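Colleague: The chain contents come next:
Number of protein chains: 2
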Amino acid sequence: MKQNQITAEILCVGTELLMGNTVNTNAAAIARGLAEIGLNLYHQTVVGDNPERLREALELALSRADVVITTGGLGPTYDDLTKETIAQVLGRRLVPHEESQRWVAEYFRRIGRTPCPNNQKQAMMPEEAVVFQNHNGTAPGCAVAGTGRWAGKQVVMLPGPPRECEPMLREQVLPYLQAGSDTRLVSRCLYFYGIGESDLAHRLDRLMRESTNPTVAPYCKPGEVMLRVTARVAEGQSAGALLDPVVEEIRREAGEWLYGINVGNLQTALVHLLLAKELTIATAESCTGGLVAQRITSVPGASSVFEWGVVTYSCETKRKLLGVSQKTLDTYGAVSPQTAMAMARRARVKSGADIGISVTGNAGPEPSEGKPVGLVYVGLDCDRCTTAQELHIQTMAHDGREYIREMAASRALHLALETARQMVK
Amino acid sequence: MKQNQITAEILCVGTELLMGNTVNTNAAAIARGLAEIGLNLYHQTVVGDNPERLREALELALSRADVVITTGGLGPTYDDLTKETIAQVLGRRLVPHEESQRWVAEYFRRIGRTPCPNNQKQAMMPEEAVVFQNHNGTAPGCAVAGTGRWAGKQVVMLPGPPRECEPMLREQVLPYLQAGSDTRLVSRCLYFYGIGESDLAHRLDRLMRESTNPTVAPYCKPGEVMLRVTARVAEGQSAGALLDPVVEEIRREAGEWLYGINVGNLQTALVHLLLAKELTIATAESCTGGLVAQRITSVPGASSVFEWGVVTYSCETKRKLLGVSQKTLDTYGAVSPQTAMAMARRARVKSGADIGISVTGNAGPEPSEGKPVGLVYVGLDCDRCTTAQELHIQTMAHDGREYIREMAASRALHLALETARQMVK
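Those protein sequences? They're chains Y and W, same order as listed. Reminder that position 409 of the first sequence reads as 419 in the numbering used here, one-by-one numbering, no gaps. Reminder that position 143 of the second sequence reads as 153 in the numbering used here, one-by-one numbering, no gaps.
Honestly, the hints are just simulated from the structure, not real lab data. Just so you know, not all the hints are guaranteed correct.
Any copy will do: because identical chains look the same in the list, a pair fits if it lies in one copy or spans two.
Said to hold, decoys possible - Derived BS3-like pairs (lysine-lysine); straight-line CA-CA distance at most 30 Å:
no., residue 1, residue 2
1, K337, K381
2, K381, K330
3, K360, K287
4, K131, K231
5, K360, K337
6, K381, K231
7, K163, K131
8, K381, K287
9, K360, K330
10, K360, K163
11, K231, K287
12, K330, K287
Predicted model, so just to flag it, every value in this text is computed and none were measured.
Using the sequences plus the hints, can you model the full thing?
Modeller: Structure below.
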């Protein structure tokens, strides 16, 4: 069967998902992986740790899809019943799996803990299963073919904790599922800053509506939109020939907001540009409280471009640690373009970096020094300019504080990216 | 009908969820809200922007549940077809909704943009719907009662973007659904640090297995476990009488790892304790790159306890900005308990805070200065002690760097919390 005729379905098992304390990141990770290897995905379902509802949901999924991928319920506790239920539906017995028994023992030895009696339940596997080793926990995964009514169908079981599920998916399950594919999906991800999703969709309406290979799909997060352009490429066919014309058309329509292709996010684009140009950057943060530094240093390799950042919440700290003058603070206040520029300049001068960026503002929840929630200044200083931008970040969301901090940090990173583009060391 | 006999179901619509570029945070937020008001939830489903599959999934959901809550597909673009499809299934026409037309116009005025022609499509509503205003975007939500085959059933439609969906849910939909309830759910959340989920579950096995009111359910994230103890309380009944004995039993079995009840997370517990004791804290971070400061300052009110933090990535910056001695760095290296302690001490002395905490280590992806990935030292300094803890953070996950940073930051926050508990100003 051709890969693009195989339909998969995701079935996540876990009462914690239905209680809402856990966000289902596994479903997204699996969906992304399936798209990459060209399997179709039309449904994704969550049920609790309830054998009867799991059985019903599994049978519905098996009736619609060739491969059902489950997560969760492989743990050591009494309510982890996924493996037992699925084996029963597929007509497979559970048998002790020696290699898994050794893995579990070895895992506990490595982390220096003693296995509980329950852990050996995790080493029971459906007969004839392909077993996937768990490098980050105790529950192995597996792929099991159905029998009888479900002959020709297959269930892949993954553990629930994302840091066990995702590596197992990437390292073992996707290669296992991909074996035998005759097409592949190739994507380019275009990152935009400063334009809303509906505005972008309006500009690209015809393209998004009519283009089928490649497809063009938007994804947004606060302050940013990403367009994923995806081509289905046959053996020997060139992905570029399909992708290039569409990317060029998007560039013509919305190039002014495009900040990078396949760059991942603002901080990665910035760090890679700084590395390429051998430039360095320093941060001075007030209301973002370290978020700009944290986003920059989340990028591997950041240590070559970033070595200096301060979090200066109070006026006193802005003065003492950073050296912003008392006069600037008294005359204009902590939340002002003048203070933002002074913070950026002092960060650059004290650190010896090429670029200094700063954020000062009121992230809420209460107005402060007469400045409304959402008023933020982003400052930048380099050898050719000192600048500050004023933001009014409107939100009524319950996580307004985090939203304001994220939006302000994004603006600072984008300002640094645009500035670094025009600089030469 | 009693609230605890009402069954709800979540149906999320969006091809972006099936492509995996968007994590379904809405489903978790809705599930949490439904649990709080005591509705039962057994299924949650995702389908793409495909009218036929949406219709099928909706009919299945309506056959199982009294209330179906949908997210997504209310946007302005051509593939946003949720409202049209649902109205059709429920036997309702779409009619222009004057108030929504005014909201859309007003929203665009406020953000200073011009509506596209598509935006007026968003102001069409099913007849007799209860409409929910969107304070964070252009798509109103609504609740619509079914007719004919689906009489007595109800569909609630929410917009897809989380920052539109979640506030609408909290502020409008939950109060709307709760009207007329005769029981409520009351939860206590117990937060543990330093014990694994399976170990905790093993200690509390009988309790978790047998207790039905309250229920006891575990949720884990890296390095932490939270137990939610939830009682269903009738009018006039005391929640404490149900919850207190179970919480006491948990305390007896696992009290040594319990760091707080209803505290939310480590940083909130820390900030609230520091506020209560009028203590202050300062940070000096190397491999966590601002994450500790960012987590502390994410808590409203943090400005009273935290005003000073530095990110010192290189040895030079540790020396110049912080004042760690060249001798310490030369003799022991940047990743050493001595440097961690010196960083914490210098942070405390320079800032004048009561507690200084530090993190230095190798978050990867490559070994550095001969120190393996995952070796981290957390330092703390206060007027009665200076200490450093050595961590070996094992991970083979593809996001290993972020995992190591999160685990190291959590340990620093927990160390500060434990220290602050024993301090008096």
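Colleague: All hints are to be evaluated individually against the structure, with a verdict given for each.
Modeller: Here is what the structure says about each hint:
1. Proximity of K337 to K381 under the C-alpha cut-off of 30 Å is restricted to the intra-copy arrangement: shortest distance 19 Å within a copy versus 46 Å between copies.
2. Proximity of K381 to K330 under the C-alpha cut-off of 30 Å is restricted to the intra-copy arrangement: shortest distance 23 Å within a copy versus 34 Å between copies.
3. Only within a single protomer do K360 and K287 lie at most 30 Å apart by alpha-carbon distance; the minimum there is 21 Å, versus 34 Å between protomers.
4. With identical chains, the CA atoms of K131 and K231 are at most 30 Å apart between copies only, with a shortest distance of 23 Å across copies and 41 Å within one.
5. Both within a single protomer and between protomers do K360 and K337 lie at most 30 Å apart by alpha-carbon distance, with minima of 19 Å and 22 Å respectively.
6. In this assembly of identical chains, the alpha carbons of K381 and K231 lie at most 30 Å apart only when taken from the same copy (27 Å versus 37 Å across copies).
7. In this assembly of identical chains, the alpha carbons of K163 and K131 lie at most 30 Å apart only when taken from the same copy (25 Å versus 42 Å across copies).
8. Taking the shortest alpha-carbon separations for K381 and K287, only the inter-copy value of 28 Å comes in at or below 30 Å, while the best intra-copy value is 38 Å.
9. In this assembly of identical chains, the alpha carbons of K360 and K330 lie at most 30 Å apart whether taken from the same copy (12 Å) or from different copies (9 Å).
10. Taking the shortest alpha-carbon separations for K360 and K163, neither the intra-copy value of 64 Å nor the inter-copy value of 65 Å comes in at or below 30 Å.
11. Taking CA atoms no more than 30 Å apart as the test, K231 paired with K287 passes inside one copy only; the shortest distance there is 28 Å, against 38 Å between copies.
12. For the homomeric pair K330 and K287, the shortest alpha-carbon distance between copies (25 Å) is at most 30 Å, but the shortest distance inside one copy (32 Å) is not.
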